[in-house]
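Residue numbers (my numbering), protein chains in the order written: chain A, 1 to 262; chain B, 1001 to 1351.
Derived by calculation from the structure, the hints in this document are not laboratory data. Take the hints with a grain of salt, since some may be wrong.
As the list claims (entries may be wrong) - Here are the simulated lysine to any residue pairs, SDA-like style, with alpha carbons at most 20 Å apart:
#1 K35(A) - S1239(B)
#2 K93(A) - L1277(B)
#3 K35(A) - E1275(B)
#4 K93(A) - L1217(B)
#5 K1219(B) - K14(A)
#6 K218(A) - K93(A)
#7 K35(A) - A1109(B)
#8 K93(A) - F1332(B)
#9 K14(A) - L1277(B)
Said to hold, decoys possible - Residues from chain A shown here face chain B by an in silico Cβ test under 7 Å; the list is partial:
#10 Y27
#11 F29
#12 V30
#13 A108
#14 P121
#15 Y123
#16 A126
#17 L221
Unchecked claim - Selected chain B positions facing chain A (in silico; Cβ < 8 Å):
#18 V1067
#19 A1071
#20 L1073
#21 M1077
#22 V1123
#23 I1184
#24 H1188
#25 Y1241
#26 S1242
#27 I1267
#28 M1304
Think of the CB as a built atom: it goes at the ideal place given N, C-alpha and C, for glycine as much as any other residue.
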Amino acid sequence: MSEAVTLFREYMGKGFVMILFFIALIYLFVSEKNKNRRILFVYMPVTVLVIFFNPFSTGLLMRILDSEIYYRLLWLLPMTAVLSYTVSQIYIKLQGASRALFLAGAAAIIMISGSFIYMNPNYSRAENLYHIPDEVIEICDALEAEDPEHESYVAVPSEMLQYVRQYSGKLVLEYGREVLVDRWENYNELYEAMEADPMDAATIKREMRKFAVLPKDKAGLENFTEMVQVYESEHYVVYVHKYWKNYDGKFPYTENPDYQWW
Amino acid sequence: MIFIGTIQLVIWELIIPAMIGSVVLGKEKGLNGICLSLTAGQIIMWAVFQPIAVIFILRNEAFSSLVAAYAFLTAAMLICAVIAGIKSNTFRLRRIRLFEDRETDRMTAVLFLLSMLLLALQVFMAVFLAYADGDDAYYIATSTVTNDADTMYMKLPYTGGSTELDVRHGLAPFPIWVSFLSRISGIHTAIVAHVAVSAVMIIMSYGVLFLLGSSILKKKQLPVFMLAAELLILFGDYSYYSVENFMLARSRQGKAALGSVIIPFIIYLLYRLLERLRLSEKAGIKEWLLLAASVTAGCLCTTMGTLLVCLLMGITGIFGAIMYRNFRFITFIAVCCLPAVIFAGMYALIV
């Protein structure tokens, strides 16, 4: 039950839109005459809420579903449809100028209660049609060009993690997005070394398999001087493990053929 | 290349669905008919894609084989729809009027225009704004690697390493449908997902709301309904989990399609079926089949879709059966839920 309440609180955010929804439910319960609209816009949402908060069904459903996604049960509440329907029902009951006034008031209440989606900080101007930062695409293209025939292992800084695999199926990440989510508890030594400030050069050199993309402005970059640089973009430099051996058994990035690392 | 690919995408995401969906059209005309045929057609196409994709995934077949099989089936569906359309004269070109009558007052027309402008703005934003969402690292990466490696759910999307078949996600292969669009159009998966799929999902979501609004409201109220809905969605970022946030910001993900297209469309279909009960009319087989197709499409979007659509239909079915004392209604609803029960059973047995 308490977990359901916590999820409900998280779902409703500030809560104003949910309050409007409850008001609309009460209004429709009192005023709606059509049986079918009562079923879909009043009885069904109320039953969903009863199921959502009922300790027996909550326990059962949380066992079936992941408790993390239990909130999606609330997607069955037709909040947009119910609220819009209520607004249009009140609108039609009014006459003349009061209609325009009501519409302006309803629009203002909706805008004040909610939060404008395009103000979300996760939004930014798309740099290209891929919706992936240009610099990530530039680096991925450069790394793919290094060995177009085969997959290549690459370690990237956290800000690039979610993009590389969306763009390239040929680049294999040393660690994935799971290292960014604390509750998944995925520890990765190489990732920790990459994110340390200054970067832990010894660990990176030991753990990386082929490429490492390192931010130019990060402390510790001076400890990678003996490595072979294969690419440089505006904010990043890409090193290759100099004893990396290609699929023909040759060392394309170094003159030292005696090293037996694979 | 991108020009031809864009035309291919328009054909596969708009024209083919609209033609296939035209088979369900009854009295619907004008904008209503366009919205219904587009949405119903897309849902039928998803419902056909789901079982085929799951079979190919479980059999470890190459992605190319799935593309060939599904393209062949779609062509067959399209031919059947065209023949049916020619016979019933569905494709007769008509002038589309936004308002069928002359009584439409200026206020209604202005509100309708405003709601169309807001829709255009949202589609524009979907193309020119990027929303950084960590889940894309899974879903779009799955689509990309499927296209590149020609395998399905055999690579870890986060890193790219090889793995055993990921059956859990393989039972809801919405990302594979995105890969299909990418393969057929030759446009990169990331562009297809972030731009084409997002824009079409937003249009379809509003199409479903329009269908629902036009079936429950008078014509004068419809623009008010649409405008209020658009404002609620635009200002629906009150939490990270809201269905409105998913609809606009993460529309390329299967769970967004479930929340903003499939669930509202099932509500619309249930309303139509309940109205038939109220008016003591017999529901046609097409309506029940479309409901079953919507349930199957819900399973494509996310594994949780199986539960959510069954719950929605179960609750509504019970209320409908009790209020109209018609227990055939709940029986038919239960039959329509069978695809979800089968996929849920597979999930329970395999995962």
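Going through the hints against the structure:
A threshold of 20 Å between alpha carbons decides the hint, and for K35(A) with S1239(B) the separation of about 32 Å lies outside it, so the pair is violated. For the hint linking K93(A) to L1277(B), the alpha-carbon distance of about 28 Å lies beyond 20 Å, and the restraint is violated. Of the supplied pair hints, the one linking K35(A) and E1275(B) holds, its CA atoms being roughly 9 Å apart against a limit of 20 Å. For the suggested pair K93(A) and L1217(B), the alpha carbons sit about 13 Å apart, so the restraint of at most 20 Å is met.
For the suggested pair K1219(B) and K14(A), the alpha carbons sit about 34 Å apart, so the restraint of at most 20 Å is broken. The hinted pair formed by K218(A) and K93(A) fails the criterion: a straight-line CA distance of about 64 Å is larger than 20 Å. At most 20 Å may separate the alpha-carbon atoms for a hinted pair to count; K35(A) and A1109(B) exceed this at roughly 30 Å. With a C-alpha separation of about 37 Å, the suggested pairing of K93(A) with F1332(B) is violated against the 20 Å cut-off.
Between the alpha carbons of K14(A) and L1277(B) the distance comes to roughly 40 Å, so the proposed pair goes past 20 Å and is violated. The criterion of a C-beta within 7 Å of any C-beta in chain B is not met by Y27(A), whose closest approach is roughly 14 Å, and the hint is violated. The closest approach between the C-beta of F29(A) and any C-beta of chain B is roughly 14 Å, which is over the 7 Å cut-off, so the hint fails. The restraint placing V30(A) at the interface with chain B is violated, with a minimum CB-CB distance near 18 Å, outside the 7 Å limit.
Using the Cβ-Cβ criterion of 7 Å, the hint placing A108(A) at the interface with chain B is not satisfied: the shortest such distance is roughly 10 Å. Among the interface hints, the one on P121(A) is violated; its C-beta lies about 9 Å from the nearest C-beta in chain B, farther than the 7 Å criterion. For the restraint placing Y123(A) at the interface with chain B, the shortest Cβ-Cβ distance is roughly 5 Å, inside the 7 Å limit, so the hint holds. The criterion of a C-beta within 7 Å of any C-beta in chain B is met by A126(A), whose closest approach is roughly 4 Å, and the hint holds.
Look at L221(A): its Cβ only gets to about 25 Å from chain B, farther than 7 Å, so that hint breaks. A distance limit of 8 Å between C-beta atoms decides the matter here; for V1067(B) the minimum to chain A is near 16 Å, and the interface restraint is violated. A least Cβ separation of about 22 Å between A1071(B) and chain A goes past the 8 Å threshold, and the interface hint is therefore violated. For L1073(B), the shortest C-beta to C-beta distance to chain A is roughly 26 Å, which exceeds 8 Å, and the interface hint is violated.
Because the closest C-beta pair between M1077(B) and chain A is about 29 Å apart, greater than 8 Å, the hint is violated. Residue-level restraint check for V1123(B) is violated (minimum Cβ-Cβ distance to chain A is 13 Å; threshold 8 Å). Interface hint at I1184(B): violated, since its Cβ lies 17 Å from the closest Cβ of chain A, which is beyond the 8 Å cut-off. At a threshold of 8 Å, the smallest CB-CB gap from H1188(B) to chain A is about 6 Å, leaving the interface hint in force.
Taking 8 Å as the C-beta cut-off, the interface hint given for Y1241(B) holds, the closest approach to chain A being about 5 Å. Given hint, S1242(B) at the interface with chain A, holds; its Cβ is 7 Å from that chain's nearest Cβ, closer than 8 Å. Checking I1267(B) against chain A by beta carbon gives a least distance of about 6 Å; that is within 8 Å, so the hint holds. For M1304(B), the interface hint holds, the least distance from its beta-carbon to any beta-carbon of chain A being 6 Å, beneath 8 Å.
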